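Engineer: Sequence:
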Amino acid sequence: MKKLISALMLSALAAAALPASAEIVVIVSKQNPATRMFSEQASQFFLGKSNLFTPVDQADGSAIRNEFYKKVADKDAAQVKALWSKLVFTGKATPPKEYPNSADVKKAVAADPKAIGYIDKSAVDDTVKVILTLP
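Heads up: the sequence shown runs through residues -22 to -1, 1 to 113, numbered per mature numbering (1 follows the signal peptide of the UniProt record, and there is no 0).
Some hints here could point you the wrong way.
What the hints assert, rightly or not - In silico DSS-like cross-links for lysine-lysine, where the CA-CA straight-line distance does not exceed 27 Å:
no., residue 1, residue 2
1, K75, K53
2, K99, K75
3, K92, K48
4, K49, K59
5, K48, K27
6, K99, K64
7, K70, K59
8, K99, K8
To be verified - If you anchor each label on the Cβ, the simulated ranges turn out as follows:
no., residue 1, residue 2, range
9, S63, P11, 25 to 35 Å
10, D103, T68, 32 to 42 Å
11, K59, D104, 31 to 41 Å
Honestly, the hints are just simulated from the structure, not real lab data. Computed from a prediction, not measured in an experiment: that's the story for all the values here. By construction, the Cβ of each residue, glycine as well, lies at the ideal position given by its N, Cα and C atoms.
Let's have the full structure, built from the sequences with the hints guiding it.
Structural biologist: What follows is the structure in structure tokens.
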């Protein structure tokens, strides 16, 4: 019984130690003329409703991806996946290329003036430009 209580206390402490949701920023290349954007605009690119920018996505199932889509489009992972499946099946769009982490997303966005991506704010450096900060 003591082991069970200890295990429960440890898991509660571990959960309490997890950081609150990270601040996510939407980024573009330094060469991109955009200077700012609204959440509604960003969601258009990441949900295949506009091809003005080329979206670059985080890995499927990652916490940052789930949080991003919840914040910009009020959609969960399953809803986003269903939407993209429909667009791909009907030939209307190609889903965003996925990268395993913020560093790789940042690198891909920095290299392509048409790219748009999202990363944790702590990963921002002078290779990209922040055009939207999500609360």
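Engineer: Given the hinted pair K99 and K64, is their alpha-carbon gap at most 27 Å?
Structural biologist: Cα-Cα ~31 Å, so violated.
Engineer: For the pair we were handed, K49 and K59, check the Cα-Cα distance against 27 Å.
Structural biologist: Cα-Cα ~16 Å, so holds.
Engineer: K59 and D104, beta-carbon distance inside 31 to 41 Å?
Structural biologist: 34 Å Cβ-Cβ, so the 31 to 41 Å window holds.
Engineer: Can you confirm whether the C-alpha distance between K70 and K59 stays at or below 27 Å?
Structural biologist: Within the cut-off at roughly 15 Å; holds.
Engineer: Starting from the range 32 to 42 Å, see whether the pair D103 and T68 falls in it by beta-carbon distance.
Structural biologist: Roughly 39 Å apart at Cβ, these two residues keep to the hinted range, so it holds.
Engineer: Can the restraint linking K99 and K8 be considered satisfied, given a maximum Cα separation of 27 Å?
Structural biologist: holds, 16 Å
Engineer: Hint check: K48 vs K27, CA-CA at most 27 Å. Holds or violated?
Structural biologist: Distance ~17 Å between K48 and K27 Cα, so the pair holds.
Engineer: Given the hint of 25 to 35 Å, is the C-beta distance from S63 to P11 inside that range or not?
Structural biologist: holds, 33 Å
Engineer: For the pair supplied as a hint, K75 and K53, is the alpha-carbon distance within the 27 Å limit?
Structural biologist: holds, 19 Å
Engineer: Checking one constraint from the list: CA of K92 to CA of K48, max 27 Å. Satisfied?
Structural biologist: It holds: about 24 Å lies between the C-alpha atoms, which stays within 27 Å.
Engineer: Could you grab the alpha-carbon distance between K99 and K75 and see if it respects the 27 Å cut-off?
Structural biologist: Between K99 and K75 the Cα gap is close to 21 Å, so the pair holds against 27 Å.
Figure legend: structure checked against the earlier numbered hints; the only hint not met is number 6.
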